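Protein sequence lines, in the order shown, are assigned to chains A and B. Just so you know, the first sequence maps onto residues 0 to 571 in numbering that gives the first Met the number 0. Just so you know, the second sequence maps onto residues 0 to 61 in numbering that gives the first Met the number 0.
Honestly, the hints are just simulated from the structure, not real lab data. Remember, it's a predicted structure, so these values are computed and weren't measured experimentally. Where a beta carbon is used, it is the ideal one built from N, C-alpha and C, also for glycine. Do not take every clue at face value.
No more than 20 Å apart at the CA atoms, straight line, and that leaves these computed lysine to any residue pairs for SDA-like [as the list claims (entries may be wrong)]:
1) B:Lys50 x A:Lys80
2) A:Lys80 x A:Glu64
3) A:Lys530 x B:His25
4) B:Lys50 x A:Ser543
5) A:Lys325 x A:Arg367
6) A:Lys519 x B:Ala26
7) A:Lys516 x B:His25
8) B:Lys50 x A:Lys530
Over the 12 Å line for every Cβ pair with chain B, so calculated as not near, a few chain A residues [stated by the list, open to error]:
9) Lys41
10) Glu134
11) Arg154
12) His259
13) Arg317
14) Ala369
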Amino acid sequence: MSGNPSPSPPPDPEIDDDTKTVIGIAFGNTTSSIAYTTPDGKAEVIANEEGDRQIPTVLSWVGSEEYHGTQAKSHLVRNSKNTVAYFRDFLGKKYSEIDPTNSHNSAHPVDIDGVPSFNLQQGDDETVSTVSINEITTRHLIRLKDSASDFLGRRVTGAVITVPTDFSDTQKEALVAAAKAGELEVLQIIHEPVAAVLAYAARQTPEEQGVDKNILVADLGGTRCDAAVVASRGGMYTILATAHDYGLGGLKLDEVLVDHFSKEFIKKHKVDPRSERSLAKLRLEAEGTKRTLSLGTSATISIESLADGYDFHSTVNRLRYELSAKKVFDQIVSLVENVVKKAELDLLDIGEVILSGGTSHTPKIASRIAALFPESVTVNAPATLATALNPSELSARGAAIQASLIVEFDQEDIEQSTHPAVTVAPHLSHPIGVVIGEDNSFHTILEAQTAVPARRIAQFDVQADGDVIVRICEGIREIVVEKVERQVNGEKDEDDSEDEEDEEDEEEEEERNRVLKVHKVIAEAAIRGAKKGGKVEVTINVSSDLGLNVAARVVGTQIGVRGEVSPEAGSA
Amino acid sequence: MASVKISKPLPALPADWNSESSFIVHAPLSPAVHRNLSPAGPHFLAHARRKRHSRTFSEDDR
Ligand SMILES: Nc1ncnc2c1ncn2[C@@H]1O[C@H](COP(=O)(O)OP(=O)(O)OP(=O)(O)O)[C@@H](O)[C@H]1O
Ligand SMILES: [Mg+2]
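The task is simple: from the sequences and hints, build the whole structure.
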């Protein structure tokens, strides 16, 4: 075996010291990916020398030969004890804090002075060396960096790396140190759901980015699923809530298929194929079958000499798979519902959904999640939206975009910008808007959860000559539940007189609607002498101490009102 | 900053509006909640720039 040695980065050319080449790295427990931005600002995911864009987060040693990615992953069958997989979440944790469940089929972590480590044979003799999680991480990052350098033809110097929202400061420090040991500067660590939002925002115009909405990001990976509600306000992002389910993810779906195929195999050959090595084979192949089922309605599996010399060939259709996987899908749906609750929001408050992570390719998961929301809500996943980005690429793309934004910053600039003095901001607890129309309904101008200082401008048509009022209010969102009676299709009631008995033919459905109402009136401004066909422009400016400045004017005239509402004593 | 066009009209000034002033204050805004902005994306960087240099929106527009 020739192994897949680290690509040789171009012989260090005489680049002047100012040349920075930065990339985005998504570092997952299951897979990692690398991305860069093209000169015209587009993020592109890089394929490594084996042609993989999703690079398994796996390292394996055979003698002194180091394997990485897909090749290392295939070693889980024959060389499992010398193969390290699913290790990202161990980084920066004490041995006593880690959950090694996913390591049972590979090198198992050991406790070396509290640091999760691995006993590995990495030389051409039988010597076993102890390799810490930090060193493993460094090796992995070096391999990713080298692949990117190889592709770009320039030595990569720095990266923005994505991590889950529950990554602790200690874990982040360990990540920075592990990268540094591999001569990779971590420009910034950003959260995975924010990276996913950035990946989508990069396709939008600045105006579209500025549209206020609550975005639900479900990141469905291999060993875990994470969800977040992100308030997007004027293009700035605030995470309102997060939820995590460790142990839920693609591996669970692989297991569903492994069980399905095992039962079939037992029926045929009266042999249980779930011995260690056969199981490893079956897992690897079942994962491939699962991926095929994301695209087609049936998929095959084919393993030579699976157990007791019997080959295994079988086909499974998507419906069968979806039935068996229902419990896993239910748990994913619960996670999504749960994060919305944690944000103290209703599902109707969500304006857009982004499905991220490899497991988001699963059509049934996308459609189950889409079914929670009204049809007007975009669900960005391959099965629900033809133009969706590849969910496996969102983190790396977002990281690459952020890297290109800050490449010219020096370390101090970045530290200052990410310091709580800059990031912690008062956020509005209620929407601010005006009363409009004949029914005096509330119209939001500044959404709740907007960070202040903030400014918004709204424009209204004048429909008749005369004086108008700008009534600035805080709003409150209510969910109004109405019972609507729907007649069952094709069963027109013949005699309406017998109401009582007809009830069974009518389905009572609950219709839930999101309604904004006036919570309290803040200020009123009178505009006198507006002319039909004119436009009134209202500018709302909230300062960081929650003082409110209102300016209302008839566009193109001298007519206008300005006013100020002082903040409540002692607020923000 | 672009203004958002709203299709419905503002209501007519009530006939019983009897204030001398054309601006009446009723109540301050409700207290805010402190949260963390994610330090990522172009709009955040503009925010950080304003905050670090204590600039206002209109100064930033120039
Ligand atoms: N086309 C596909 N259809 C279904 N599942 C897929 C597809 N592609 C990848 N997956 C699954 O996605 C999972 C990996 O997800 P991802 O790449 O997001 O990993 P990750 O973030 O490293 O995971 P984690 O950290 O949760 O272990 C694997 O279980 C893989 O089988
Ligand atoms: Mg992940």
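Hint by hint, here is what the structure shows:
Restraint check: the Cα-Cα separation between Lys50 (chain B) and Lys80 (chain A) comes to about 52 Å, which exceeds 20 Å; the hinted pair is violated. In summary, the hint linking Lys80 (chain A) to Glu64 (chain A) is supported, as the alpha carbons are separated by about 15 Å, within the 20 Å threshold. Between Lys530 (chain A) and His25 (chain B), the direct Cα distance comes to roughly 28 Å. Violation of the 20 Å bound is thereby established for this hinted pair. With a C-alpha separation of about 11 Å, the suggested pair Lys50 (chain B) and Ser543 (chain A) falls inside the 20 Å cut-off, and the hint holds.
For the suggested pair Lys325 (chain A) and Arg367 (chain A), the alpha carbons sit about 10 Å apart, so the restraint of at most 20 Å is met. Only pairs whose Cα atoms come within 20 Å are accepted, and Lys519 (chain A) paired with Ala26 (chain B) is accepted, the gap being roughly 8 Å. For a cut-off of 20 Å, the pair hint linking Lys516 (chain A) to His25 (chain B) stands: about 17 Å separates their Cα positions. Restraint check for Lys50 (chain B) and Lys530 (chain A): the C-alpha separation of about 40 Å exceeds 20 Å, so the hint is violated.
Every CB of chain B is more than 12 Å from the CB of Lys41 (chain A) (nearest about 15 Å), matching its label as outside the interface. Its beta-carbon lying about 29 Å from the closest one in chain B, Glu134 (chain A) satisfies the requirement of being farther than 12 Å from that chain. Interface exclusion of Arg154 (chain A) from chain B stands, the closest Cβ pair being 25 Å apart, more than 12 Å. The Cβ of His259 (chain A) lies farther than 12 Å from every Cβ of chain B, with a closest approach of about 41 Å, so its non-interface assignment holds.
The beta carbon of Arg317 (chain A) sits about 37 Å from the closest Cβ of chain B, which is more than 12 Å, so the claim that it is off the interface holds. The claim that Ala369 (chain A) lies off the interface holds: its Cβ sits roughly 25 Å from the closest Cβ of chain B, which is beyond the 12 Å cut-off.
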